[in-house]
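So the sequence lines, in the order shown, correspond to chains A and B. Numbered per the numbering used here, the first sequence spans residues 1 to 554. Numbered per the numbering used here, the second sequence spans residues 555 to 639.
One or more hints might be untrue.
Restricting the straight-line Cα-Cα distance to at most 30 Å, the calculated cross-link-like pairs of lysine-lysine (DSBU-like) are [stated by the list, open to error]:
1. B:Lys563 / A:Lys142
2. B:Lys625 / B:Lys563
3. A:Lys69 / A:Lys322
4. A:Lys142 / B:Lys625
5. B:Lys625 / A:Lys69
6. A:Lys309 / B:Lys628
7. B:Lys625 / A:Lys309
8. A:Lys309 / B:Lys620
9. A:Lys371 / A:Lys449
10. A:Lys374 / A:Lys507
11. A:Lys6 / B:Lys567
12. B:Lys563 / A:Lys309
13. A:Lys69 / A:Lys449
14. B:Lys567 / A:Lys309
15. A:Lys69 / B:Lys620
16. A:Lys322 / B:Lys620
17. B:Lys567 / A:Lys69
18. A:Lys287 / B:Lys620
19. A:Lys142 / B:Lys620
Hints were generated in silico from the structure; no laboratory data involved. If you're wondering where the values come from, they're calculated on a predicted model, not measured in any experiment.
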Amino acid sequence: MATEKKLTGGSLLFNVLEQHGVEHVFGYPGGAIMPIYDALYDSNVEHFLCRHEQGAAFSAVGYARASGKVGVCFATSGPGATNLITGLADALADSIPVVAITGQVATSAMGSDAFQEIDIFGLSLACTKHSFQVTDINDLAKVLHQAFAIALEGRQGPVLVDIPKDVQLAEVNGCLDELVSLKNKVKLPPANVGSAIALLNQAKQPVLYVGGGVGMANAVDELREFASITGVPSVSTLKGLGAIDPEDENYLGMLGMHGTKAANLAVQQCDLLIAVGARFDDRVTGKLNEFAPNAKVIHFDIDTAEINKRRVADAAILGDLKVNLPALAIPLSIATWQGKCQQMKVDFAWDYNHPGESIFAPAVLKEVSDKMPKNTCVTTDVGQHQMWAAQHMLFDDPSNFLTSGGMGTMGFGVPAAVGAQVSRPTDCIVAVSGDGSFMMNVQELSTIKRFQLPVKIVLIDNAKLGMVRQWQDLFFNGRLSETDLADNPDFVMLANAFDIKAKLISKKSEVSDAIEDMMNHDGPYLLQVKINAQDNVWPLVPPNTANDKMMEST
Amino acid sequence: MNNYQLMIKADDKQVVLERILQVARYRGFLISGIHAQVNTGTNIGTIELLVRSERPIELLVDQINKLIDIKEVKVDNSAPQQCIA
Numbered sequence: 001m002a003t004e005k006k007l008t009g010g011s012l013l014f015n016v017l018e019q020h021g022v023e024h025v026f027g028y029p030g031g032a033i034m035p036i037y038d039a040l041y042d043s044n045v046e047h048f049l050c051r052h053e054q055g056a057a058f059s060a061v062g063y064a065r066a067s068g069k070v071g072v073c074f075a076t077s078g079p080g081a082t083n084l085i086t087g088l089a090d091a092l093a094d095s096i097p098v099v100a101i102t103g104q105v106a107t108s109a110m111g112s113d114a115f116q117e118i119d120i121f122g123l124s125l126a127c128t129k130h131s132f133q134v135t136d137i138n139d140l141a142k143v144l145h146q147a148f149a150i151a152l153e154g155r156q157g158p159v160l161v162d163i164p165k166d167v168q169l170a171e172v173n174g175c176l177d178e179l180v181s182l183k184n185k186v187k188l189p190p191a192n193v194g195s196a197i198a199l200l201n202q203a204k205q206p207v208l209y210v211g212g213g214v215g216m217a218n219a220v221d222e223l224r225e226f227a228s229i230t231g232v233p234s235v236s237t238l239k240g241l242g243a244i245d246p247e248d249e250n251y252l253g254m255l256g257m258h259g260t261k262a263a264n265l266a267v268q269q270c271d272l273l274i275a276v277g278a279r280f281d282d283r284v285t286g287k288l289n290e291f292a293p294n295a296k297v298i299h300f301d302i303d304t305a306e307i308n309k310r311r312v313a314d315a316a317i318l319g320d321l322k323v324n325l326p327a328l329a330i331p332l333s334i335a336t337w338q339g340k341c342q343q344m345k346v347d348f349a350w351d352y353n354h355p356g357e358s359i360f361a362p363a364v365l366k367e368v369s370d371k372m373p374k375n376t377c378v379t380t381d382v383g384q385h386q387m388w389a390a391q392h393m394l395f396d397d398p399s400n401f402l403t404s405g406g407m408g409t410m411g412f413g414v415p416a417a418v419g420a421q422v423s424r425p426t427d428c429i430v431a432v433s434g435d436g437s438f439m440m441n442v443q444e445l446s447t448i449k450r451f452q453l454p455v456k457i458v459l460i461d462n463a464k465l466g467m468v469r470q471w472q473d474l475f476f477n478g479r480l481s482e483t484d485l486a487d488n489p490d491f492v493m494l495a496n497a498f499d500i501k502a503k504l505i506s507k508k509s510e511v512s513d514a515i516e517d518m519m520n521h522d523g524p525y526l527l528q529v530k531i532n533a534q535d536n537v538w539p540l541v542p543p544n545t546a547n548d549k550m551m552e553s554t
Numbered sequence: 555m556n557n558y559q560l561m562i563k564a565d566d567k568q569v570v571l572e573r574i575l576q577v578a579r580y581r582g583f584l585i586s587g588i589h590a591q592v593n594t595g596t597n598i599g600t601i602e603l604l605v606r607s608e609r610p611i612e613l614l615v616d617q618i619n620k621l622i623d624i625k626e627v628k629v630d631n632s633a634p635q636q637c638i639a
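Okay, chain B solo, but in the shape it has when bound (with noise of 0.2 Å):
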């Protein structure tokens, strides 16, 4: 199993989180810890998420790419792989 952590910029929409949530347990991805936030003056989210699978993380930053109210994302290698609080 293998440790992933995303970084995640998208529009303020309605359920954003809910549909990367979705799409991350759907393609195979165990959530280990979330962290997100909105920039009031931006309205842009920022959403830190650790997951895990035997899954090539392409996979899952392909899909969620997907997703039409995102804006980036991006694989943190260098974060330290442990739950987010």
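Just chain A, same shape as in the assembly (with noise of 0.2 Å):
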């Protein structure tokens, strides 16, 4: 359907927005990008000023994952593109649907070292699922389509287009072009149904492990019917937290470096493992040829570079998990097997009794856990306390829990909060922060400022990078190299000078009603929580170990 009338480049960009009904967009203005700025003057899709290019990546993330929707963030060129790429990075490593559109300068002046000029399209190759530059205004819209169609279609990913300034300025017809579906150019094979049935009837100690991708795929509802119909014991990824009732009988926790001793143990066991949207990542397995060592192995993926990349895949099921879980979802006989699972999970239930009066930070992510309103979505950073929020609190969805899987960024915190609140403005929005990583986007609180988003932080504060220093403990031989963080800024004036209401607290005594007066505040809050410095992540498996050989204390 094509209109008559003419647009520019950068009013085309946001009727195609609105196309793909995009609302909210991230982003920081600059020269390259100003012909898109100046068309958002009349658009009507909303637009959140960060602080810094990559809080604008990570809201946008923190968007997506919160949505289900595309998160959609803008750059100008040169350093507002860079300052994109972990963001991006971060996006590809956890599938993230994101369409990143970064200003350029003008084609003329392309590959001439000009002000702000980089090659943000070489740049992109290796973070982001596809890139695009635009140096033909008749190909804006088209692009642009396909840049959501690939963010969305299949294993989900961030997209970059790059439009140079001049296309922005360019004038072309307002073609609005009809909504187009990648066609899968890979065919996959079918499910091999049969054989994985054969091995889920001969399987005497199956354990489904949950990965990220059920999230992705939608596919909540199938896969907790497939567990229950089949009552095969339960682990989780970090990112597919969420994906299993919490409450499931079945259910033992995360497995992997910091998972529950049930978890590991009941993996290390199985003679099947179901593995459903996971990747075998190294900090799921520890020591490769030894992870789950007696089991037969049947893979869900939507992505056919998955199979047997890391684990071979006695039967793989290849595409949508909301179609293959219940072609597989069949009653099995293994009581025996549900009843020791379920005996190592009262064995080694996590121990909340700690001496001293100083605060536990387990203790605490639990208690403000119990005390979230349903539907409280939690994003964390990345270190000591990330660890403890997955080990400590319970999500009843994926989307209800946000953190940095597979590039592990400290940094991601406050800005994923941040699209999330945007995302769902009535839903309590918690970010779970440690000192460290807490430093590295402390300017979005100007951001949750601006736009008086109620988003509730709960600040780890051990004065340390609690997780290096913990690994210079154990395996570097107490070295302490640069962990120290003694000289944190006064955190609680910190947010005052962003109009958000903090508070300290340092001793178990005053932790409840922190967490009540928290939860009860009506805007942003940052609850600085006070720990020893010298508190550890239990349990440890070290790196390169099998899982059953984890540390539980020194």
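Fit chain to chain and form the complex, with the hints in mind.
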């Protein structure tokens, strides 16, 4: 359907965004993207000014993960574009649909080392699912449609569209093409259901290994139905948390380096591992050739390249989980194994008894989890607090736990919470951060202030880069190198400078009231929780070690 | 170290060759030789890529196949295992 009205490239961009249902974008203006920001002035898209392009990228990631929609971010050329890269890499590692729009110097100046010129198209190759550079205004609409289709289809991921300034200014007929769907260029082989069912029927000790792909495929209901019908005990990756009901009697928690003892022991003892939207990541497997050593493997995935990448599958089920999981949901006779797993869950349950008056972070996070309203979305940064959140907070849907899994990016938590809050304005959003991570994108407190986003920040503060300190203590003979953050700013004063209410607690007796105050506060809030600098995350599977040889304390 | 020859067909789109080379390097395959040409009638590029690695070639084939502009990737087992000029 064509209209005769002439549009600039900038205006056309917003028309296409609106055609794709985009209501919110995150970004930061600059010289080479000014025509787009000029067109924004007349559009219905709401723009959230972040205070750093990395913040904009992470906000787009948080928005996408919390809502299931495509996250969109803008940046100008040169440093604006390079500042997006960490966020795009994060989105690629965790398969998050993001469309990034970058301004570029005019086509006549490209390749001349012009002011704020960088080859972001070249830089994007390693950190996006796909990328485009539009040098002809007549290609712009088609490219933008392709960008959205590529971001969403198959294994989701980030797409960058680089638009030179003259293309943004050029005029074109406002031709709004029909939305297109990419055809699967690689035809997937028929799912190997027969051999997988045979493996299921033979199994006496199966385990369901649930990854982030379940949430991405919107297949939580199908997974829970599969778990219910088969009765297979389940474990989850960091990104899979929330896919299985955490109250399910057969659910054993997170597996891997900081997984629960029950989850890791069950996997090590199982005779069939059913991997669903998971990729045998090194933080999950520990020493790969000793991971689930007695198990046959059924591997469900949308991405052909994940099959046999790190662990050979005895049966590969490629394609849509919503279709394939029900095809294998058959009742199994595994009561003895279920009982053994449930007993391990009881035997190795978390112990929240912690001597002394200093605050025990796992207990704090459990209490936050217990007190947060239904449909609360939790974001984290990266480090000890992230693992404690994964271990001790309960999530009833993958879209309610946003963490940087594959890339492990410090600085993710606060801007991701901004994006989550924008996408879900009536839900409670809690950002769990650490004092190291928090400082990496602290400027986004200004975004919280500007838009009065009622994000609750729980800042676990040990005045250390805690996880690195823990590893230096355990594996580098206690030679602490550049992990002391005793010169952190006054976080309460810092939050107050952004008009954010804040409180510092350092004793157990203060915890409950402080959490109540935070949750009952209408606006944004920062709760700084001082903990003992020597507290470690347990259990811990040391590097290149089998998962049943975990350390539980020193 | 094993040598492999890949026969790749791709749409003649921006930086498709760079994408293939980047994936090959990142996934642990050293490039011994390359020959690429485009059929201007069909806009289909044909790339012959000679690589060497300790890793199984299926790993690289699967990853190149994921690139958006790729139409086909085949391992040519009949080709002589030498560098293509």
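Verification of the supplied hints:
{"no.": "1", "hint": "B:Lys563 / A:Lys142", "result": "holds (23 Å)"}
{"no.": "2", "hint": "B:Lys625 / B:Lys563", "result": "holds (5 Å)"}
{"no.": "3", "hint": "A:Lys69 / A:Lys322", "result": "holds (18 Å)"}
{"no.": "4", "hint": "A:Lys142 / B:Lys625", "result": "holds (20 Å)"}
{"no.": "5", "hint": "B:Lys625 / A:Lys69", "result": "holds (28 Å)"}
{"no.": "6", "hint": "A:Lys309 / B:Lys628", "result": "holds (18 Å)"}
{"no.": "7", "hint": "B:Lys625 / A:Lys309", "result": "holds (22 Å)"}
{"no.": "8", "hint": "A:Lys309 / B:Lys620", "result": "holds (14 Å)"}
{"no.": "9", "hint": "A:Lys371 / A:Lys449", "result": "holds (25 Å)"}
{"no.": "10", "hint": "A:Lys374 / A:Lys507", "result": "holds (28 Å)"}
{"no.": "11", "hint": "A:Lys6 / B:Lys567", "result": "holds (28 Å)"}
{"no.": "12", "hint": "B:Lys563 / A:Lys309", "result": "holds (23 Å)"}
{"no.": "13", "hint": "A:Lys69 / A:Lys449", "result": "holds (24 Å)"}
{"no.": "14", "hint": "B:Lys567 / A:Lys309", "result": "holds (28 Å)"}
{"no.": "15", "hint": "A:Lys69 / B:Lys620", "result": "holds (22 Å)"}
{"no.": "16", "hint": "A:Lys322 / B:Lys620", "result": "holds (22 Å)"}
{"no.": "17", "hint": "B:Lys567 / A:Lys69", "result": "holds (28 Å)"}
{"no.": "18", "hint": "A:Lys287 / B:Lys620", "result": "holds (28 Å)"}
{"no.": "19", "hint": "A:Lys142 / B:Lys620", "result": "holds (21 Å)"}
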